[in-house]
Amino acid sequence: GIQVEQSPPDLILQEGANSTLRCNFSDSVNNLQWFHQNPWGQLINLFYIPSGTKQNGRLSATTVATERYSLLYISSSQTTDSGVYFCAVANQAGTALIFGKGTTLSVSS
Amino acid sequence: GAVVSQHPSWVICKSGTSVKIECRSLDFQATTMFWYRQFPKQSLMLMATSNEGSKATYEQGVEKDKFLINHASLTLSTLTVTSAHPEDSSFYICSARDTGRETQYFGPGTRLLVL
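Protein sequences appear in the order of chains A and B.
Residue numbering for the first sequence follows this note's numbering, starting at 1 and increasing by one per position.
Residue numbering for the second sequence follows this note's numbering, starting at 1 and increasing by one per position.
Worth flagging that the hints you see were computed from the coordinates, not collected in a lab.
The reader is advised that the hints may include incorrect statements.
Okay, derived cross-link-like pairs now, EDC-like style, lysine to aspartate or glutamate, Cα gap no bigger than 20 Å in a straight line [to be verified]:
id, chain 1, residue 1, chain 2, residue 2
1, B, K20, B, D88
2, A, K101, B, E59
3, B, K41, A, D10
4, A, K101, A, E5
5, B, K41, A, D27
6, B, K41, A, E67
7, A, K54, B, E59
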């Protein structure tokens, strides 16, 4: 099956710093989503981005499908950005998302 | 829009009892729903794919007789953990795919503790 690797596994930032999270995948995909899991476990949809670039406030994401990677950018980080960020992909229509191991982000004030 | 609910959010039960978890898509129809399991500090692992009106498809290593899945309508899927044991304690999360789209939406999860 498709493999998903995320890096770095852990990231510690000061408030206001910028960061880039990476997701590599082993096969072509028709679905790629980025999530933020909050301390209560809820997965928050950040982006649906199987290709191209999207922006939403301080967050943006780029997926280069031909090179099988996606990047999540967080600018001017805030303490509320802390948590685990997951990249998840699917390579067939209608199939389940396969998750990477996540990047744990800690933002301190 | 695109809200998925789960009930209950927390459940504590004695070993040997059965627990039912409901997953509902509140504002869209979901032909397909998925059930995941997450252990502390780990990623989400797919347990099964639930299709409305047909039998669920289970991932390798997941006991279908222990984790019963019923997808009786386009907005409801249920997961029943039968004869629960302490090793079944985990965080169970469902997701639903909006029919005709690829985006998947996740419920808030159910924390199960089996004593």
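Which earlier hints turn out false for this structure, listed by number in ascending order?
5, 6 and 7
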